[in-house]
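Asker: Given only the sequences and the hints, what does the whole structure look like? Please build it.
Going by this note's numbering, the sequence shown opens with residue 25, and the numbers climb by one from there.
Don't read these hints as lab results, they were simulated from the structure. Just so we're clear, the structure is a prediction, and the values are computed from it rather than from any experiment. Every clue listed holds true.
What follows is a set of in silico ranges between Cβ atoms, one per label pair, in the way DEER data are often shown: (1) Gly-196 with Phe-107: 36 to 42 Å; (2) Ile-52 with Leu-127: 15 to 21 Å; (3) Leu-120 with Gln-189: 23 to 29 Å.
C-beta atoms are modelled at their ideal positions from N, C-alpha and C, and glycine is treated no differently.
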Amino acid sequence: MASESQLQAKRPVSASLAGPYGHPFHPILVTVPIGAWVTSLVFDIASHVVHQPGFLTQSSTWLIAVGVIGALLAAMVGFLDLFALPAGTPAFRTALVHMTLNLLVTAAYVVNFLWRHGDHAGGGSVGIGRLVLSALSIVALAVSGFLGGKLAYRYGVRVADENTQAEGYTPGHSRSGTRSAA
25 MASESQLQAK RPVSASLAGP YGHPFHPILV TVPIGAWVTS LVFDIASHVV HQPGFLTQSS
85 TWLIAVGVIG ALLAAMVGFL DLFALPAGTP AFRTALVHMT LNLLVTAAYV VNFLWRHGDH
145 AGGGSVGIGR LVLSALSIVA LAVSGFLGGK LAYRYGVRVA DENTQAEGYT PGHSRSGTRS
205 AA
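Answerer: Below, the structure written as structure tokens:
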């Protein structure tokens with residue numbers, strides 16, 4: 025049987041801001057920075073392969089900016105999800121490490137953006153230092169993503185409780201409580 029603190033971690037602090045029960049906004053928002061930053065790294069690498077890499081270096085810079093904006097949005101709703109976790113629990117400690125890594129990665133990408141911004145006019149490939157910073161940031165992001173998965177899939181943070189989940193596996197059961205004609 026789920027404890028009160030487990031049930032609390034499944035409910036949003038603010039459904040309008042963090043997403044309703046069973047449909048949190050944080051997991052969908054994190055796809056923006058992850059996609060933008062991974063694509064940025066691919067463009068960085070590709071800039072060392074193609075003949076005229078200027079479009080790749082410029083695109084990579086702007087993908088970093090898109091990722092930072094997306095990360096800030098994801099962080100806002102993720103912070104609301106953190107408020108639902110009881111302090112002193114393994115889930116709370118994992119969430120703090122997850123949040124800290126994400127803030128460090130976002131800060132690294134802000135630095136990377138400022139380091140690159142306005143420097144792609146020459147049309148050359150991305151500098152090795154910037155490429156290494158992006159690669160290290162992706163590694164840290166992967167570790168943080170692992171922890172985010174642990175929060176959702178192991179600790180069940182913002183995941184519907186088992187009784188609610190069971191509705192999806194009960195033949196003929198629908199959300200309204202009526203039996204379907206299957």
